[in-house]
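Colleague: Here are the chains, one letter per residue:
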Amino acid sequence: MKPILSVRDLQKVYPDGTKAIKGMSFDIMSDERVAIIGRSGAGKSTLLRCLNQLIPATSGEVTFLDQSVTRASGGAVRRIRRQIGIIFQQFHLVDRVSVIDNVLHGRLGYMNALQGAFGLYSSVDRKRAEALLERVGLGDKANQRADALSGGQQQRVAIARACMQNPKLMLADEPIASLDPVTAITIMDMLTQLTTEQNIPLIVNLHQVDVAKTYATRIIGVRAGEIVYDGTPDDLTEEMLNWIYQGEVTQLHASKPVLNKESHKVVLV
Amino acid sequence: MLQLRWKNMLVITFLVSMVGWSCVASEFKPVMVITSMSDAFAYIWNDFLPPDFVNWQHMLKYLLDTIYMCYIATFISVVISLFISLCASQTTTPVKWLYPIARGIASVLRTIPSTVWVLLLVVSVGIGLTSGVLAMILAGVGWLTRAFAEVFDEMKQGQMEALRATGAGWVHVVSQGILPQSLPAILAWALYAFDNSIRDSTIIGMVGGGGIGFYLQESVKLFQFQEMTAGLVALLALIIGIEFATNMLRRKLL
Ligand SMILES: Nc1ncnc2c1ncn2[C@@H]1O[C@H](COP(=O)(O)OP(=O)(O)OP(=O)(O)O)[C@@H](O)[C@H]1O
Ligand SMILES: [Mg+2]
Chain H
0 MKPILSVRDL
10 QKVYPDGTKA
20 IKGMSFDIMS
30 DERVAIIGRS
40 GAGKSTLLRC
50 LNQLIPATSG
60 EVTFLDQSVT
70 RASGGAVRRI
80 RRQIGIIFQQ
90 FHLVDRVSVI
100 DNVLHGRLGY
110 MNALQGAFGL
120 YSSVDRKRAE
130 ALLERVGLGD
140 KANQRADALS
150 GGQQQRVAIA
160 RACMQNPKLM
170 LADEPIASLD
180 PVTAITIMDM
190 LTQLTTEQNI
200 PLIVNLHQVD
210 VAKTYATRII
220 GVRAGEIVYD
230 GTPDDLTEEM
240 LNWIYQGEVT
250 QLHASKPVLN
260 KESHKVVLV
Chain C
0 MLQLRWKNML
10 VITFLVSMVG
20 WSCVASEFKP
30 VMVITSMSDA
40 FAYIWNDFLP
50 PDFVNWQHML
60 KYLLDTIYMC
70 YIATFISVVI
80 SLFISLCASQ
90 TTTPVKWLYP
100 IARGIASVLR
110 TIPSTVWVLL
120 LVVSVGIGLT
130 SGVLAMILAG
140 VGWLTRAFAE
150 VFDEMKQGQM
160 EALRATGAGW
170 VHVVSQGILP
180 QSLPAILAWA
190 LYAFDNSIRD
200 STIIGMVGGG
210 GIGFYLQESV
220 KLFQFQEMTA
230 GLVALLALII
240 GIEFATNMLR
250 RKLL
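Heads up: the protein sequence lines correspond to chains H and C, in order.
Once you know that position 9 of the first sequence is 8 in numbering that gives the first Met the number 0, the rest is easy, because the numbers rise by one and skip nothing.
Once you know that position 66 of the second sequence is 65 in numbering that gives the first Met the number 0, the rest is easy, because the numbers rise by one and skip nothing.
Treat the hints with care, as some may be off.
In silico SDA-like cross-links for lysine to any residue, where the CA-CA straight-line distance does not exceed 25 Å [claimed, not checked]:
#1 C:Lys95 / H:Arg144
#2 H:Lys167 / C:Lys251
#3 C:Lys95 / H:Ala176
#4 C:Lys251 / H:Ser72
#5 C:Lys95 / H:Lys167
#6 C:Lys155 / H:Ser177
#7 H:Lys18 / C:Glu160
#8 C:Lys155 / H:Arg7
#9 H:Lys18 / H:Lys1
#10 H:Lys167 / H:Thr17
If you are wondering where the hints come from, they were derived from the structure by calculation, not from laboratory data.
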């Protein structure tokens, strides 16, 4: 099976000299649900945004469905982005606009400038948007202004917007960090269900290790711009977590875990 | 707190002596301000009062002209400013190199006051409404562009990023995200611009731009001082009325 997304030796240096990503490589298959974990500032958000060129990568190669993301420009970038849904921590809805319009925004990537400017969505799109809102449990809120909704509801609208794109890959940057634990579970369930139904991979940045272990089929641990763990949730040991989160191994575990590039297993040296 | 240090003393002495020097150099006599004040009041009392509304139809025509002028000028400046200001904000500009150009246009327009624009336009276009409206537009675009650009600067980056992430192009992001999001602020500025242009129109009319200012100027030239006072009263009523109305609308918007 061919990977949906393939990242090779990706590097990102911000204009101010910050090395946010120092050479990452991985492949994502269509049936995978990947959680990316790591300390604040490890480079998780930067990585996700390089995957659809919201941030241009400095070097390396991102390939999405056989097209190069890193080398795309202009219209090609738009055609790639419309096939990648992304959910943000702060929802980022256009909050003075109605809920249904926010969902319809997911079609903008498929429309020309004029159609999009006047919001001339097709009746097929409108029906689909309504169905998606129904699906995320907000069928009765379609005509409300987006800022009238609670955080959890806004995140569900954002999910509907992303699904409206008919994405081939779903990204989520800490989608539950501003939500209460119960709402967080519904959002994670929803993301898991919708991506599984569509048979598309999900890559989600998470702060909560337990949530990552529950939902992900694969965990990528990032530390200071490098992948230090890439494997199953079960293999993620306490030592490994220490290494990912504390930056230093505690005295008890003086040996240093190292990722074996071929087997994706961590060994202590 | 002001302390009587020798440095401060020196500065104060300098400032005061500059006033003295300025008076001497410009042959301005401060005493005259006080003595001529009573003359001025007597003159106003005898020649300008009471206001004479005999020519009210004539006056009303100019007053209405003023409103039309200001409305047209404000509308057009808002539309033009929207386009330029989208380029004049670093967060919304479609291409980076348009940013300094848009900023440059706005600064140049802003440094030239509307009265100077009328003087220039009267020479080329002629005395009348057209010159006045054009002058108002040029001046209006100058400061409205800056005001709008500041509104766009404060746009939440995340919302625009989310739209771009769906594959939306610049036109889409502007029309579906930036404009609906900043509409109240834009309308508030537009109302303020209208209000401002009504006040500005007096002096614009006086230097040949048409409207109520032109009527005032005409009355003075014809020594119809009481008619001029009538014009001033009407203008005052208009300014207060418009300011009241726009303020109310603005409060509703924000
Ligand atoms: N626009 C930027 N310019 C310069 N440096 C940046 C910029 N954005 C992020 N960085 C830096 O890049 C590094 C990685 O940041 P990033 O936001 O990707 O981390 P993160 O893992 O998402 O953190 P968090 O968990 O806090 O969201 C940090 O050191 C950060 O300070
Ligand atoms: Mg982040």
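Colleague: Look at each hint and say if it fits the structure.
Modeller: Here is what the structure says about each hint:
1. C:Lys95 / H:Arg144: violated (33 Å)
2. H:Lys167 / C:Lys251: It is violated: about 45 Å lies between the C-alpha atoms, which goes past 25 Å.
3. C:Lys95 / H:Ala176: violated (34 Å)
4. C:Lys251 / H:Ser72: violated (44 Å)
5. C:Lys95 / H:Lys167: violated (31 Å)
6. C:Lys155 / H:Ser177: Cα-Cα ~17 Å, so holds.
7. H:Lys18 / C:Glu160: holds (22 Å)
8. C:Lys155 / H:Arg7: violated (32 Å)
9. H:Lys18 / H:Lys1: Between Lys18 (chain H) and Lys1 (chain H) the Cα gap is close to 30 Å, so the pair fails against 25 Å, i.e. violated.
10. H:Lys167 / H:Thr17: violated (31 Å)
Comparing the model with each earlier hint shows violations of hints 1, 2, 3, 4, 5, 8, 9, 10; every other hint is respected.
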